[in-house]
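Participant: Take a look at the letters that make up each chain.
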Amino acid sequence: MTPRFAPGVRLHHDVARARWVVMAPERMFVPDETALEVLRMVDGARDLDAIIDGLAEKFDAPREVIAGDVRGLLDDLVARGALVT
Amino acid sequence: MNAPLALLAELTHRCPLRCPYCSNPVELTRASEELATEEWARIFREAAEIGCLQVHLSGGEPTARRDIVEITAAARAAGLYTNLITAGVLLDAALIARLQAAGLDHVQLSVQDADAAGAERIGGMRGAHARKEAAARLVREAGLPLTLNAVVHRQNLHNLPRLIDIALAWGAARLEVAHVQYYGWALANRDALLPTRAQLDEATQTVQAAREAHRGRLVIDYVVPDYHAARPKSCMGGWGNRFLAVAPSGRILPCHAAESIAGMEFPNARETSLRAAWEDSDAFNRFRGTGWMREPCRGCEHAERDWGGCRCQAFALTGDAAATDPACALSPDRALLLAAVAEAGATAFRYREFG
Ligand code: SF4
Ligand code: SF4
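Respectively, the protein sequence lines represent chains A and B. Each residue of the first sequence is one higher than the one before, starting from 188 at the first, in the working numbering. Each residue of the second sequence is one higher than the one before, starting from 104 at the first, in the working numbering.
There's no promise every hint is true.
Across the chosen pairs, the derived CB separations fall in these ranges [as the list claims (entries may be wrong)]: (1) A:GLY231 with B:ALA196: 20 to 26 Å; (2) B:ARG169 with A:ASP236: 46 to 52 Å; (3) B:ALA406 with A:ALA205: 27 to 33 Å; (4) B:GLU407 with A:GLU251: 46 to 52 Å; (5) B:GLU456 with A:ALA237: 34 to 40 Å; (6) B:GLU141 with A:ALA237: 39 to 45 Å; (7) A:VAL252 with B:ALA312: 43 to 49 Å; (8) A:ALA205 with B:PRO399: 35 to 41 Å; (9) A:LEU235 with B:ALA245: 26 to 32 Å; (10) B:VAL326 with A:ALA205: 30 to 36 Å; (11) A:ASP236 with B:ALA245: 29 to 35 Å; (12) A:VAL252 with B:ALA332: 49 to 55 Å.
Keep in mind that the hints were calculated from the coordinates and are not lab data. Backbone N, C-alpha and C fix where the C-beta goes; we use that ideal spot for every residue, glycine too.
Working from the sequences, and respecting the hints, build out all of it.
Facilitator: Laid out in structure tokens, this is it:
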């Protein structure tokens, strides 16, 4: 599975408030820190495995630990309409 | 003081349609007085600097401007999420492709009714409905997300189920069912537009059922109109709290209807920065927060939830913009609003036009 942003959805740096926001048609939300890390890996090219590898490396954590979290977060972001797979 | 989240950029008052509820002021600004492309580009940068995340490119009909592609690109270059609010009748595949290349994020398309005859009577333009349908198809073919905006009132509410069908058929992911707000042109047409209580209750049920039936396919935004509610809406999330608008003339407004309040003066983006207008202008500070309130709003537990309702509506009905919105059941002027509901029932429209 290769997640990408749904049409009209993008991650945006809110400079004035020093945070990242997910901008979507007629709504926006502020992702928590872990969701943000996942969203920053989503580029339409990386598949699920590549995202897990990337985050395991970045946080120097065992792959198995990261994998469960990432799957859960991706499901949630798909359910919220931010990502499509 | 909060930073604003969104800018409404009213690029022009020109529009091929003539909707009798148009939210533009009764005194429309002419093309020769409109802001130039570079002025809009500067306004977008200023808006992003003070915290805006998104811009609604609106009008009038924004695509009536020949520089709409450059304007869209400037909004994206400033870092704003870019939403085009359009009647759709001037869109073709080439323009949509250019807008998309310029970075347009989302299209919000208006429909006036569920069938061509009704839609064209209300919008006052022949052939508009078919062109909107074609525009919706082109937007979806380009892969852009589409929201349909259906303005509803006494003369089309019975077609709400069919408007929902249209949203699905035209490929919209969202449908905004927007009740008319009564100032400006809509106030002049209130007798022809105000729905009955029965119409409203039926519409609310229709929306609830449709939300269930189309979960996961279509999101429906719907707010009960305040002429039939006990509490007013939180207009603009509070005056000078989350939102600002710039009119075609350059006037910087706390709400797109604010110019309907007689006697108020607004800063102009030609000589005042958005930051100065937001932070220091009398116009923005006049009804900001709760300090300006009188009873019954003063001290009311809802004061920071609905901010006393709509200033434009308070002015339109009572002549005093600092009054409690008569849409509130606690307002001493509530009778004005109830009388309007009781008296409504005209059919003829007064269409919007340049004076
Ligand atoms: S409400 Fe109707 S007349 Fe007014 S700008 Fe929109 S489409 Fe044009
Ligand atoms: S009295 Fe004023 S603050 Fe209280 S609910 Fe009514 S409008 Fe809102």
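Participant: If I claimed the Cβ atoms of B:GLU456 and A:ALA237 lie 34 to 40 Å apart, would that claim hold in this structure?
Facilitator: 59 Å, violated
Participant: Falls inside 46 to 52 Å, the C-beta gap from B:ARG169 to A:ASP236?
Facilitator: 49 Å, holds
Participant: At the C-beta level, are B:GLU407 and A:GLU251 separated by a distance inside 46 to 52 Å?
Facilitator: 48 Å, holds
Participant: Could you check the hint for me, namely that B:GLU141 and A:ALA237 are 39 to 45 Å apart, CB to CB?
Facilitator: Roughly 43 Å apart at Cβ, these two residues keep to the hinted range, so it holds.
Participant: Range hint 26 to 32 Å: satisfied by the CB atoms of A:LEU235 and B:ALA245?
Facilitator: 28 Å, holds
Participant: Kindly confirm whether 27 to 33 Å is satisfied by the beta carbon distance between B:ALA406 and A:ALA205.
Facilitator: The hinted range 27 to 33 Å holds for B:ALA406 and A:ALA205, with Cβ atoms some 30 Å apart.
Participant: Go ahead and decide if the range 35 to 41 Å is satisfied by the Cβ distance of A:ALA205 to B:PRO399.
Facilitator: 39 Å, holds
Participant: A:VAL252 and B:ALA332, beta-carbon distance inside 49 to 55 Å?
Facilitator: With Cβ atoms ~51 Å apart, the hint holds.
Participant: Regarding A:ASP236 and B:ALA245, is the given constraint of 29 to 35 Å on their beta-carbon distance met?
Facilitator: 32 Å, holds
Participant: Starting from the hint 20 to 26 Å, judge whether the C-beta atoms of A:GLY231 and B:ALA196 obey it.
Facilitator: 24 Å, holds
Participant: Do A:VAL252 and B:ALA312 keep their Cβ atoms within the hinted range of 43 to 49 Å?
Facilitator: About 45 Å separates the Cβ atoms of A:VAL252 and B:ALA312, which means 43 to 49 Å holds.
Participant: For B:VAL326 and A:ALA205, compare the CB-CB distance with the range 30 to 36 Å and indicate the outcome.
Facilitator: Hint holds: Cβ distance 32 Å, inside 30 to 36 Å.
Checked against the numbered hints above, the structure violates only hint 5.
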